[in-house]
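Go by the hints and put chain L onto chain B.
Residue strings, one per chain:
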Amino acid sequence: MTRRADFHQTFGSRLAGLESLIAAREAHYIDADRLRRDADAIDEVAPYYERTATGAAYTAFAELLRIGALLVQWRAGVLSGEADADRFLRAARERHRIWKGEGPSTDAAVGVHGAADGISAVTEIADVGPMLAAFASVPLPIGIYVSERRRLSTESSDEEEKQPPPPQLAVAFLKFSIDGQPAAETHFLTPGETHDLELEVRVSRWPDGADALELRPLTIEAAGAYEFPVFTLGRPSGKPPFVLHGRGRAMIKAPQALNARPFEFRYAASFRPAAVEQPVATLGQRTLRIESIDLKVNSLTGYPGLDARIIEIRDALRSRFNIPPDDLGAALKLVTALSAYMGRVLQDNEIAEVRSEKQFQALVRAELRRRPDIGAALSEHPRAAGGITDLSLHAVPLELKVEAQQRLGLSDCSRYVAQTTSYAVGNGKRIGVLCVLDCGPKAQAPAPADDCVGILLDEASGATTPIITVLMQANLATPSALSR
Amino acid sequence: MIIEAFTRSGLWDEALRMVDTMLARLVDVPRNRSRRLHLASLRAAVEIERAVAGRSLEDITSLAGTWREASARDQEERNRDQEG
Chain B
28 MTRRADFHQT FGSRLAGLES LIAAREAHYI DADRLRRDAD AIDEVAPYYE RTATGAAYTA
88 FAELLRIGAL LVQWRAGVLS GEADADRFLR AARERHRIWK GEGPSTDAAV GVHGAADGIS
148 AVTEIADVGP MLAAFASVPL PIGIYVSERR RLSTESSDEE EKQPPPPQLA VAFLKFSIDG
208 QPAAETHFLT PGETHDLELE VRVSRWPDGA DALELRPLTI EAAGAYEFPV FTLGRPSGKP
268 PFVLHGRGRA MIKAPQALNA RPFEFRYAAS FRPAAVEQPV ATLGQRTLRI ESIDLKVNSL
328 TGYPGLDARI IEIRDALRSR FNIPPDDLGA ALKLVTALSA YMGRVLQDNE IAEVRSEKQF
388 QALVRAELRR RPDIGAALSE HPRAAGGITD LSLHAVPLEL KVEAQQRLGL SDCSRYVAQT
448 TSYAVGNGKR IGVLCVLDCG PKAQAPAPAD DCVGILLDEA SGATTPIITV LMQANLATPS
508 ALSR
Chain L
-1 MIIEAFTRSG LWDEALRMVD TMLARLVDVP RNRSRRLHLA SLRAAVEIER AVAGRSLEDI
59 TSLAGTWREA SARDQEERNR DQEG
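Sequences listed follow chains B and L, in order.
For the first sequence, the working numbering begins at 28 and goes up steadily by one.
For the second sequence, the working numbering begins at -1 and goes up steadily by one.
For reference, chain L alone in the conformation it holds in the complex:
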């Protein structure tokens, strides 16, 4: 997975661009909702690691809140998919 490879190499901006590109390719329609939400939670995680790498620890609290929201929505959607 190229996103993992980017983050393993510390290429945070490239990883974010990759996620954004993938998001742009997924039209915002119901059948893509699950994938878009998962990409959003992944993007929020990359943002956190980028802040860590930049020693911007004071930004972590707000970025963590963003990730937890995205993660909760992603998991809700996944659970709905599995029930459906």
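Next up, chain B with everything else stripped away, as it sits in the complex:
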């Protein structure tokens, strides 16, 4: 986490968030994760404003971005016919309710809070654009840092600059770490295992009569799905500001599917007993996004590089394309199974000679049928768009091709993308899968496996239907034959 920040960083992050909101007003905008990344960037620098009031306004703006992200997901879900898309709207309202219930804020943040008050009146996706425009129309104060005062001073400095800022009670989250590692933008936790969760907070001063500072997780996740600690930190000694550390155990009880969204937890701060003075502002990065799959323990393919590539592809598909989750899930199942097969074919040269398309289809069909998560759901030769697809899973087409004449790279597979796109569109899908067997003669070492999986697009059809492509390198030369 950033420990220092300056005007360029903070205003740069503010401007990025503002531009994302402006772009998100358009109905075709679907990149909710961009809004969340902007919110995280703002939260990271908010504690470093000299004035608590300014930092609080920025923190409130970050929360607007997160609510905006949920509204964008709701609109995209409705437009793509996603089941129970309204859960995103419910989540946005619930998040707003929790936020409002967290207590008083500074004057500077009041206007930011107010921008989201209309969320209860949002009932149609046509309301999302105006709501996001309202979020984008809240001005924020320009924060100044101690380090920049010298650069701003002129020969006759203002008397006000010499006045100390009024003391305000604020809690700033400086650092979260999980199992000793700084919490990542999205952290992976093994389901069913306990993990160390540590945090560091800065308290501007300790209120009279307070016994403890309590940091409690707030979330919209189902109560039985997690155990996250409540941190109770006792009164510190010394002079303010105080930096306090807490340590606890966290657990996600249930594993997540590959196409599930991460869990989100946000920590709120309050002093105990409740009757004492409470923080006017809670600043900093206090939202944890957790995925309860651990690729080290529960690998998707048996090949770490391919696992990471599949996660990258999943995230890119979520942020750049509006694909219904069921179709994305089916495509990812196919790609996961094909990638695992591709890893084996590459590692052991499992296909050591030229194969026909018919033979290749029989191999792939058998491989996919063995997977309990695919099995009987795999269809062979369904018709689509006036042609016959090779295989499909829940109507997401899998097109198979064989190249026996020349060596291919992933980008060379573009020549087959238009056909796969046509099948996908013919099935009413916004995604397809292509698997190409390169079994031509080889005079070079193979390319790394994770370079052989990617998203290709048919530019001629508007590049709106991503085709996840897996290139299998087969019929490999023996390594000793490559020595000259």
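Calculated from the structure, these hints are not laboratory results.
Keep in mind that the hints are not guaranteed to be accurate.
Claimed, not checked - Below, computed lysine to any residue pairings styled on SDA-like, alpha-carbon distance capped at 25 angstroms: (1) B:LYS127 <-> L:SER7; (2) B:LYS280 <-> B:ALA249; (3) B:LYS202 <-> B:GLU225; (4) B:LYS127 <-> L:ASP26; (5) B:LYS280 <-> B:TRP233; (6) B:LYS127 <-> L:GLY8.
Coordinates of chain L only, in the frame set by chain B:
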């Protein structure tokens, strides 16, 4: 800092006037270059917040470009100062 106080109160024109006054007091000579550049980036930021307050969201793209240019020059100058 009075500029921050003005912007916290929504006094955008006053904040701009304050920056302009400070700029006018700093003669354009090499020793003032760093401060002038920082004030210029600050001014561009105030312009953006003023446009936001006026709901002129269509102006943000061009104002953002101005701020990013000013910010880059300001940071270059600061880095040069620190190296020197």
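Exercise. Does the structure keep LYS280 (chain B) and ALA249 (chain B) at a Cα separation of 25 angstroms or less?
Worked result: holds, 11 angstroms
Problem set entry | LYS127 (chain B) paired with ASP26 (chain L) [C-alpha distance capped at 25 angstroms] | violated, 48 angstroms
Exercise. Do the alpha carbons of LYS127 (chain B) and SER7 (chain L) lie within 25 angstroms of each other, as the hint requires?
Worked result: The given pair, whose Cα atoms are some 22 angstroms apart, holds under the 25 angstroms limit.
For this session: Would you mind confirming whether the straight-line C-alpha gap from LYS202 (chain B) to GLU225 (chain B) stays at or under 25 angstroms?
Result: holds, 8 angstroms
Problem set entry | Pairwise hint evaluation, GLY8 (chain L) against LYS127 (chain B), where the allowed Cα distance is 25 angstroms at most | holds, 23 angstroms
Exercise. Quick one, are LYS280 (chain B) and TRP233 (chain B) close enough, alpha carbons at most 25 angstroms?
Worked result: The given pair, whose Cα atoms are some 36 angstroms apart, is violated under the 25 angstroms limit.
The structure fails to meet hints 4, 5 from the earlier list, while all remaining hints are met.
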